[in-house]
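Protein chains: 2
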Amino acid sequence: MKLYHFPRAPHARKVNIFLQEKGIEVPRVEVNLVEGENLKEAYLARSNRGVVPLLELDDGTCIDESLAICRYFENLHPEPALFGTEPQEKALIDSWERHMEFDGYLPGQDAFRNSVERFANYAVAGVQQEIRAIPDLAQRGRVRIDIFFARLDERLAEVPFIAGEKFSMADITGLVSVDMAKRSKKFLPEHLVNAQRWYKAMCARESVISTYIES
Amino acid sequence: MKLYHFPRAPHARKVNIFLQEKGIEVPRVEVNLVEGENLKEAYLARSNRGVVPLLELDDGTCIDESLAICRYFENLHPEPALFGTEPQEKALIDSWERHMEFDGYLPGQDAFRNSVERFANYAVAGVQQEIRAIPDLAQRGRVRIDIFFARLDERLAEVPFIAGEKFSMADITGLVSVDMAKRSKKFLPEHLVNAQRWYKAMCARESVISTYIES
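In the order they appear, the protein sequences are chains A and B. Numbered per the working numbering, the first sequence finishes at 215, counting up by one with no gaps. Numbered per the working numbering, the second sequence finishes at 215, counting up by one with no gaps.
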């Protein structure tokens with residue numbers, strides 16, 4: 001198998017953090033998004049979205065969804081469990097992972113893709129057609145990031161990690177979402193002490209340090 | 001346990017289709033979204049997003065993400081497997097389920113929530129703050145629905161069901177996504193014969209018929 005990735009791409013980083021936390025080594029191929037390697041025919045044959053990360057299995061099957069890639073490795077190597085072990089624990093991790101993604105990552109992506117010059121005509125990830133940026137959507141993203149930060153703090157006032165008592169996939173997606181917001185100069189406010197405590201603990205993990213992306 | 005739902009809400013319908021396909025009965029409580037029952041204090045104490053569906057477990061734990069609810073039931077009652085059984089099959093179902101959701105459902109939601117009068121000031125689901133509709137985003141949603149339909153047809157030219165040879169969770173999310181687009185008068189084009197063949201087969205399933213929503 002081969003993992004196609006680009007270290008600076010947030011979803012690729014998510015998988016890289018996950019694999020390091022699990023202690024799994026996978027052969028990697030770097031796809032330079034800045035140089036458009038993901039839009040060449042050979043790559044689009046693997047995924048018509050032209051996205052990274054992408055996991056190519058030995059039989060040629062390609063999986064181009066970061067969370068599906070992580071869960072696949074979890075199924076192959078259950079320990080340490082980052083998606084939980086019991087049904088209720090699994091459900092909470094699933095649910096909180098999705099809160100991070102839908103309420104945190106997507107607003108951060110809206111804010112970023114709809115405001116930077118290089119995506120002005122390609123504002124939607126995974127689509128090659130020209131789609132123009134929407135400044136109002138960037139602004140909506142910024143408003144939603146504030147709501148996300150506040151809810152993150154509320155949650156982390158109750159529990160040490162996002163899904164509860166243990167570090168999980170939800171924390172990885174949460175970290176990547178907070179860092180996505182930084183790209184639009186939206187930083188986790190200092191007064192949100194619960195979210196700050198969690199964020200600092202995340203940033204001290206070896207998997208997070210070694211995959212650090214300059215904002 | 002109790003499942004809070006509203007039959008006309010697409011994610012609630014998704015869970016209802018899933019449960020019927022699995023043959024699982026769950027006590028249900030209807031939450032009338034049109035009358036704002038989801039925004040009352042008692043309900044917001046279960047989920048600060050005020051969304052349905054929501055599964056309340058016997059210990060009071062609440063799960064407000066439809067896919068996490070489905071997966072929870074799959075873990076409790078593995079057969080018939082709608083999330084797959086082997087790691088590779090599971091990964092394909094996960095990945096395709098996400099294609100349906102991110103590339104199909106979200107554009108449909110953008111098109112709908114940003115164009116109908118009743119959401120003009122509450123354009124983001126799961127958020128109680130006023131957020132105004134963005135007409136350009138409704139238009140972007142419509143463009144993306146066309147891309148989604150074309151890709152759906154491309155995929156279904158290769159395989160009978162979205163994730164491959166068997167009916168799965170990906171088909172349920174796909175069906176709900178196609179029906180979401182209908183709310184914005186975007187209908188699966190007749191010339192996309194592969195997607196049409198699949199859609200007609202989906203619409204003939206008892207679980208889909210019994211949860212039909214008038215557009």
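Hints were generated in silico from the structure; no laboratory data involved. Please note: incorrect hints may appear among the correct ones.
Since the list gives no way to pick out one identical chain from another, each pair is judged satisfied if it fits inside one copy or across any two copies.
Calculated lysine-lysine pairs in the DSS-like style (CA-CA distance at most 25 Å, straight line) [as the list claims (entries may be wrong)]: (1) 90 <-> 185; (2) 185 <-> 22; (3) 22 <-> 200; (4) 182 <-> 90; (5) 2 <-> 90; (6) 40 <-> 200; (7) 2 <-> 22; (8) 182 <-> 40; (9) 200 <-> 185; (10) 185 <-> 166; (11) 90 <-> 40; (12) 182 <-> 2; (13) 185 <-> 2; (14) 185 <-> 40; (15) 200 <-> 2; (16) 166 <-> 200; (17) 166 <-> 40; (18) 200 <-> 182; (19) 22 <-> 40; (20) 2 <-> 40; (21) 22 <-> 90.
* **Non-conforming hints, listed in increasing numerical order** => 1, 2, 4, 6, 8, 10, 11, 12, 13, 14, 15, 17 and 19
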